[in-house]
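Single-letter residue listing:
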Amino acid sequence: MNTILLLEDLPEIRAWLKTLVLQVFPQAHVSEAARVHDALELVSAVRFDLALIDLGLPDGSGVDVVARLRETQPEAQSVVVTIHDDDEHLFPALQAGAFGYILKEQARDLIIEQLQRIGSGEPPLSPSIARRVIAYFAAQAKPQAHAMPHVSLTERESEVLLRVAKGFTLPEIGVQLSLSRHTIADYVKQIYRKLNVSSRAEAALEAQRLGLFRR
Amino acid sequence: MPRAFNLAIARLWLLRWLLAPLLSLGALPASAVGIELDRALSVQSDALHFPEDEAAVDVALPDDWAVSRRRAEGPVWYRMRFPSPASIGDDDLLAFYIKRACTNLEVHLNGHRIYSGGRMSEPVTRNCYYPQLVLVPQALLRGGSNVLDVKVVGKPLHSVSARQRSGGLSAVVFGHHAELAPYHDKRLFWSITLPSMVGAAMLVLSLLMLAMGWLNRRESHLTYFGLMALGWAVLSTRLWLREAPVPGEVIEWLVCAIVPLVAACAVLFLLRYAGLVQRAIDMALLVQCAMVPASLALAGPDRVFVLANAWYVLLAAEVLIAAWVYLWFAWRAHRKEFWIMVVLMSLVSLIVVIELAVQHGKLSVRGIHVLHFVVPVTFIAVGLRLMQVYAKALGAAEAGRSTLETRVAEITADIERNFAQLAEMRVEQVTARERKRIAADLHDDLGAKLLTIVHTSESDRISTLAREALEEMRLSVRGLTGKPVRLADALGDWRAEVMSRLGQAGIWAEWTSPAEEPPQTLPARAYVQTTRILREAISNIIKHSGASRCTVTGAVKRSDFVLTIQDNGNGIPMELDGQLDRGHGMASMKHRAKQLQGQCLVESGPGYGTVIRLTLPL
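Protein chains in written order, with the numbering used here: chain F, 7 to 221; chain X, 593 to 1210.
Read the hints as simulated data drawn from the structure, not as lab findings. Being a predicted model, the structure only gives us computed values, none of them experimental. None of the hints are false.
Derived pair list, reagent style DSS-like, types lysine-lysine, alpha-carbon separation capped at 25 Å:
{"#": "1", "chain 1": "F", "residue 1": "Lys24", "chain 2": "X", "residue 2": "Lys1041"}
{"#": "2", "chain 1": "X", "residue 1": "Lys1186", "chain 2": "X", "residue 2": "Lys1149"}
{"#": "3", "chain 1": "F", "residue 1": "Lys172", "chain 2": "F", "residue 2": "Lys195"}
{"#": "4", "chain 1": "F", "residue 1": "Lys172", "chain 2": "F", "residue 2": "Lys200"}
{"#": "5", "chain 1": "X", "residue 1": "Lys1149", "chain 2": "F", "residue 2": "Lys172"}
{"#": "6", "chain 1": "F", "residue 1": "Lys172", "chain 2": "X", "residue 2": "Lys1075"}
Please model the entire structure based on the sequences and the hints provided.
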């Protein structure tokens, strides 16, 4: 984690987040931005390993930055840092390519722990997000829903999602499935990736359909 | 069809029964009960008494002027001689019965005027259809031969439109009044009383039909039928109206003027009833109605009979053709009344033909003119049928209307329901949008400020309070967004939070919930409040209890949801109860449970840990 993007409009919070980030990744170079426009400029100029992105910004939504990063820098890991804990706000960001989210008001040590986990490749996944993901892929699997081949989850991935939805923590699921912590984390990452791939394909199809419609 | 046929047969039978007394009239003449005087000396003269000095001609009675004196203008004197009856009691009432004397008569016995039918000069009293019963004053009778003189005023055939009204005298029957009276009464009934009753019935029928036609402008055949019946009722006055303020010629002319109107109405009725509307025919009939009286007026009083009967033949032909047209359409349309109408119209046609034959002297029918009431009776039958159809149509329309009303009511209810649903949806939409706006505002404004306080405050306490305030705010916002939460999902959320928090705090945690996913849902508010209570309880355990183990159990018991949080910590010292929890504490937990119609029980004792049992109705 050498280069980190920090997009946050509130200066105090941005400063506070920066101290946390630097505490977890002392070697990192943190680029700060307060607006979507500035962040997009940075994305086109700098390669990032990690991006902490706020959603509600004065000139738009952080989701756009997540999407741009996903497109131009697929290796970069976007994490949504937000005050909204409801999946109606979070899900679009996850579809755009974010790997999990951090709630801003959490205690300092909790955020540090989450950042550490993200750094070690363990993205967070809440039960309500898991349920949404399940519902999303269930809708995708309907034969008449889309003309193109859809992205589907493996049995293991579905299993992990189901257990998360029931309120089991990732370490608990690892024990239940006799899998290492790492493997479970990989499943979660894979789920996030598939969510993004599927939703991008869906968006493309939708755009195509609109284009046809306009013609 | 057989039913209609039976009905027709029944009506025929009825007709025969009606006609029976007429036939018997001819079969049993009044002469059977008295002396029939069937020959007379006749002199055409307007003298006050029988002109003895003029040459008299011996004629047979009945003397029909149309036959015996074709151009006679009258008046004509008749002289009959008859012997006195062999034995007459002083109390015996004797009479002359004169079946027909047209137009009017005066009776003299042995030189004395004993009876007058009314005015003998224009306007002459019209007695053609009235039988006469003349009482004989016994004192005037002589022992041997008696002389009966009868003066008749009348019209020659050529100046009347019907043979029945041309001048003439029937045979005179002399006998006991008591024996002759029944014959007189019977004939009076059949030729005057019954036709006038039928005429009155026709009038009522016509008014009814006109009213029906007026109410249903589209059913114009009803109106035409009404007019036809009205015309017939007016025509029937010629039978019983004796004293008219106008001369006989005018009466004849009026009758001739009304007949084409009746015929036109009959034709129009039949065509309209068949569903035919031809403006040309309407016009032609109208012209004809004007032409008939005009032609009669132009031709003068000497050609009334010829001209009128020529017209009558034409009119009868028109009606007959219209009847055929109607029957043809009725047959094609499979109308129910087809057979009845066939019978009725055949009957009317037959009678009209007979009547025309009589008028033209081709046929001689003694007795009563069946036309006068058989035709009205058929009219009434047709009228009844029309009313039946009308009533049925009315019933059908009423039924249709009520069906329509029901349908309209249903559709209205549907529309109202849909409208209510739409309004509800609209309200829901607006509410949801407003909730989202409020939620976004709270997050952006209040949330950002609280967040700043959380992360910049020097004081831990202030930071904690701000964080709690932020959590409260978020839960409130979620409560606002209102969707019910599945109990299974809620249990998942709670489990994740409880296990994660207790795990981080290093407290051994156990979670128990139903193996099967419970199907119930929690209202949003209940979910939010329960989350708060649980969060509060877990915070207390982490911060204050010093517990090393914690068991959380979620269970559905009958219609209640029971959440039990048990720890093995220090318990809550009684004297500190309520102060242990900063912020809301136990009291607020209980208050929240109460708001949800549930309860929150706290059991605690030093060294025994704490059990919090939350019960909520589902």
